[in-house]
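Asker: Okay, here's what each chain looks like letter by letter:
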Amino acid sequence: MGDEMNEVILSMKSIDKQFPGVKALDNVDLEVRSGEVLALMGENGAGKSTLMKILTGIYTRDAGTIEYFGKEIEFSNTKEAQDAGIVIVHQELQMISHLTVAQNIFVGREYKNGVIIDDHKMNEEAKKLFDVFEIDINPSENMGNLTVGSQQLCEIAKAISFDAKVIVFDEPTAALTEHEIQHLFTIIKNLKERGLGIVYISHRMNEVEEITDRVTVLRDGMYAGTVITKDSSKDEIINLMVGRTIFEEPKQKSNVSEDAPMVLEVENLTAGTMVKDVSFYLRKGEILGFSGLMGAGRTETARAIFGADPQESGIIKLNGEEVNINSPTDAVKLGIGYLSEDRKRYGLMLDKNLYENMTLASLDNFVKSSVIESSKEKEVSQEHVDLLRVRTPGINQIVENLSGGNQQKVVIAKWLIANSDILIFDEPTRGIDVGAKQEIYELINTLIKEGKSIIMISSELQEILRMSDRIVVMCEGRKTGELSIEEATQENIMHLATKRD
Amino acid sequence: MRNLKFKKEKPIRLNQLGLLAVLIILYVLFGILTPIIKPGSNFFQFNRVLSALNYGYFIGFLALGVTFVISTGGIDFSIGPVMFASALIAGQCLTHYKLPLWLCLFISCLVGLLFGVINGYMVAYRFLPSFVTSMASMQIAKGLGSVFTKTQSVTWPALGDDNSNSWFRYLVKYKSIPTGLIVFFLIAIICGFFLFRTKPGRYILSIGSNKEAVRLSGVSTQKWEMLAFVICGLFAGIAAIFYAGAYATVQPGLGDSFNNEAIAACVMGGTSMLGGKASVFGTVVGALIIALLQEGILAFGFSISYQYVLTGLIVLGAVIIDARKHKKIV
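Residue numbers (our numbering), protein chains in the order written: chain A, 1 to 501; chain B, 1 to 330.
Extracted from the complex, chain A is given alone in its bound form (with noise of 0.2 Å):
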């Protein structure tokens, strides 16, 4: 950058946004200068994709200025965002898989003659924008037989091809391995130079000090402040992030005996084209992590586990007896609980009351001949509001009304009070903030105390190495290994986890 300043080309003042129980943004600014890549960083739940949903009109914003190029903007649909030249590589891949490479790239803007669309020469122009970045993928190839990396990358071509002013990656490369992350770097090196303005959201700290010019932080949907990367170090950075919150190391050793008996044993296990020949176990009273990319087929095995999706092949043992399991039905009886990485679609009726959501998975002990028992569901329900001291006015409250952390705790009484031994958390922290985080931490070590056994997948390396007792790593619907916690680190748990056929 040498320093001379770039133009800013985008800047967003005291923006705000609400949603129902949590405010997501609170007076956050930003600026993005054309020729650099600023870095967006925070705790999950820290408002960034929020940020970048309002930029590029996915939000519409409570309260707030966006100025770009000199006139203040408002975008009232992603379209208008693109028209205008913001664009968004985002997390979840957007991608439709039945359409080929060029015609996911042009989808909604096809090349046609008359009225029929002229696929060869989408195809045409997709390989010229693939030249120019030296990406080697067919554009008439399905998108669906690509690997989740290739995706990615056209996922970009398609950013870039709308003439964008400033593409923002919304985590770009939890999914991607080594070599692709090299790739994708260059990429942005190259667009950078063109001129363009690039946001990159990660949680990375290496390849934020790699690729980044600026840093902007954000903390509790509040603007934390913004550093120059060269001149700031990792710690300052962390620091900026977590705020008043501690920094915990992670688990030494640990806390199950060898002898401990084995609760559950999955045995070779193949479901899908996600789970291949998958096999484990589960000790009583230990935090099983489960560790690998985005894709690799963690959800999908608890899933099996669970009998929401059909296994194909594979054995599953409790306590050391050979079960069935067909259902949901089936595995809540036999006392596991699953407790989904999007709890709102899969783990909560929203529109419900907390006593509702709470009974759903035991309501037969609430009931005498048919009729539910009122009094004794409320006082239970009551008594797990205040066990895991979720913040609520009342169990009458309807749970959409309630912050994501105590969403959380609202699954997480339904399976106690189901009585669940094995309790499967996928993604437990996901989109709560950092108080709540520590909270969800600390219940998940009650549990264990009061003998729970516990498979905790996790996407974030820092909460698998602090809460784990042992770490199974998986990679494309495999398992690639398993590491005690005291041999486990970032570098091993990474290398397995990119450990492709």
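Rather than coming from a laboratory, the hints here were simulated on the basis of the structure.
Possibly wrong hints are sitting among the right ones.
[Unchecked claim] Below, in silico cross-link-like pairs of lysine-lysine (BS3-like), each with a Cα-Cα straight-line distance of 25 Å or less:
| hint | chain 1 | residue 1 | chain 2 | residue 2 |
| --- | --- | --- | --- | --- |
| 1 | A | Lys-189 | A | Lys-128 |
| 2 | A | Lys-449 | A | Lys-251 |
| 3 | B | Lys-199 | A | Lys-333 |
| 4 | A | Lys-368 | B | Lys-199 |
| 5 | A | Lys-378 | B | Lys-277 |
| 6 | A | Lys-128 | A | Lys-165 |
| 7 | B | Lys-277 | A | Lys-368 |
| 8 | B | Lys-325 | A | Lys-344 |
| 9 | A | Lys-333 | B | Lys-223 |
| 10 | A | Lys-376 | B | Lys-277 |
| 11 | A | Lys-230 | A | Lys-192 |
| 12 | B | Lys-223 | A | Lys-368 |
| 13 | A | Lys-344 | B | Lys-199 |
| 14 | B | Lys-199 | A | Lys-378 |
| 15 | B | Lys-325 | A | Lys-23 |
[As the list claims (entries may be wrong)] A few chain A residues that face chain B, going by a derived Cβ cut-off under 10 Å, partial list only:
| hint | residue |
| --- | --- |
| 16 | Arg-303 |
| 17 | Phe-306 |
| 18 | Ala-308 |
| 19 | Thr-329 |
| 20 | Ala-331 |
| 21 | Lys-344 |
| 22 | Tyr-346 |
| 23 | Gly-347 |
| 24 | Met-349 |
| 25 | Leu-350 |
| 26 | Asp-351 |
| 27 | Ala-361 |
| 28 | Val-367 |
| 29 | Ile-372 |
| 30 | Trp-415 |
[Said to hold, decoys possible] Cβ-to-Cβ under 8 Å is the rule here; a few derived chain A residues that face chain B:
| hint | residue |
| --- | --- |
| 31 | Val-332 |
| 32 | Tyr-338 |
| 33 | Arg-345 |
| 34 | Leu-348 |
| 35 | Lys-352 |
| 36 | Val-371 |
C-beta: ideal position from N, C-alpha, C; glycine also.
Start from chain A and add chain B according to the hints.
Answerer: Coordinates of chain B only, in the frame set by chain A:
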């Protein structure tokens, strides 16, 4: 800028007492307007009330039944024609095959129940959209009623012509006592208890909120979703008895318009088309409002077609309010 207050979106709520007020206001309004629009006629007559109630019962039973289906987030467009099929088949058994009356009433319920089973199975176990499934069974019901009676209309016995076979009419009216109202209220109370206080009812409403979350909580959602359709079908069979009790003649090939009136009653009463939220009290008052509108329009001397227009508008209005109420704030 920092002191910007967040607008708390106030949900528009036609709350339940409000709906009761609408019913009363409508009644008074019709009473005042009738002599003006059609001189010489009087709306404040007990006969008018009885006639309105006759129309209200079967709409009411259809609406109670479909409340269960709508609670799961589904829809049933077959209830009107299924009611007609039940009334035709049971009526034919009574008048043509000379089966005993009690058996015919049972057959009426059974026909409705069977359609409920088919709809429920297709939706819950074969994953067909309820919209499509119920459209198909609507056609089947219409056709089946006609086939069974060889496209003849069926006349249920009236009081007096054959005493042994007309006692079912006392279910609707005994002399000038509207016994039907008592039966209707009693069954409505049972419905309310079932939906809000029992396990199956709780599951039905839960499925309407988030079916997948309920399944992942270990609940056999398919069974309970199907049950909602079965109840709905059964109520179409019960409605048939009350239709036959109020109007003697049943013609084949009809019944579609009653779907809309029943659904209108239900949605107007506060049951959400998105599922998960229901009001049995609202459904009852909604059905009475529909019946009152029909009677009012007749009292004005207008053609029945006006009623179709009006019901259509009511459905539209109720759905708009419902959508506003449950709009997700993003």
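Asker: Give a verdict on every hint.
Answerer: Consistency of the hints with the structure:
1. A/Lys-189 <-> A/Lys-128: It holds: about 19 Å lies between the C-alpha atoms, which stays within 25 Å.
2. A/Lys-449 <-> A/Lys-251: 16 Å, holds
3. B/Lys-199 <-> A/Lys-333: Roughly 17 Å between the alpha carbons, so the hint for B/Lys-199 and A/Lys-333 holds.
4. A/Lys-368 <-> B/Lys-199: 9 Å, holds
5. A/Lys-378 <-> B/Lys-277: At roughly 20 Å apart (the allowed maximum being 25 Å), B/Lys-277 and A/Lys-378 satisfy the hint.
6. A/Lys-128 <-> A/Lys-165: This hinted pair holds, its Cα atoms lying about 19 Å apart.
7. B/Lys-277 <-> A/Lys-368: This hinted pair holds, its Cα atoms lying about 24 Å apart.
8. B/Lys-325 <-> A/Lys-344: 19 Å, holds
9. A/Lys-333 <-> B/Lys-223: 17 Å, holds
10. A/Lys-376 <-> B/Lys-277: With Cα atoms ~23 Å apart, A/Lys-376 and B/Lys-277 stay inside 25 Å; holds.
11. A/Lys-230 <-> A/Lys-192: 17 Å, holds
12. B/Lys-223 <-> A/Lys-368: 20 Å, holds
13. A/Lys-344 <-> B/Lys-199: 23 Å, holds
14. B/Lys-199 <-> A/Lys-378: 15 Å, holds
15. B/Lys-325 <-> A/Lys-23: Holds, because 22 Å separates the two Cα atoms, which is no more than 25 Å.
16. Arg-303: Where the cut-off is 10 Å and the nearest Cβ of chain B is about 9 Å from A/Arg-303, the hint holds.
17. Phe-306: Since chain B brings a Cβ to about 8 Å from A/Phe-306, closer than 10 Å, the hint holds.
18. Ala-308: At 6 Å from the nearest chain B Cβ, A/Ala-308 passes the 10 Å test, so the hint holds.
19. Thr-329: With a closest approach of 5 Å, the A/Thr-329 hint holds.
20. Ala-331: 7 Å, holds
21. Lys-344: For A/Lys-344, the interface hint holds, since the closest Cβ of chain B sits about 9 Å away, which is under 10 Å.
22. Tyr-346: 5 Å, holds
23. Gly-347: 6 Å, holds
24. Met-349: Hint on A/Met-349: holds, closest Cβ of chain B at ~4 Å, below 10 Å.
25. Leu-350: Cβ of A/Leu-350 sits 7 Å from chain B, so the hint holds.
26. Asp-351: Holds, about 5 Å.
27. Ala-361: 4 Å, holds
28. Val-367: Where the cut-off is 10 Å and the nearest Cβ of chain B is about 5 Å from A/Val-367, the hint holds.
29. Ile-372: A/Ile-372 check passes; min Cβ-Cβ to chain B is 6 Å, inside 10 Å.
30. Trp-415: Holds: closest Cβ of chain B sits about 9 Å from A/Trp-415, inside 10 Å.
31. Val-332: Given a least distance of 3 Å, the restraint on A/Val-332 holds.
32. Tyr-338: Hint holds; A/Tyr-338 Cβ to chain B Cβ min 6 Å, cut 8 Å.
33. Arg-345: This interface hint holds because 7 Å falls under the 8 Å limit.
34. Leu-348: 6 Å, holds
35. Lys-352: 5 Å, holds
36. Val-371: 5 Å, holds
Of the numbered hints listed earlier, not one is contradicted by the structure.
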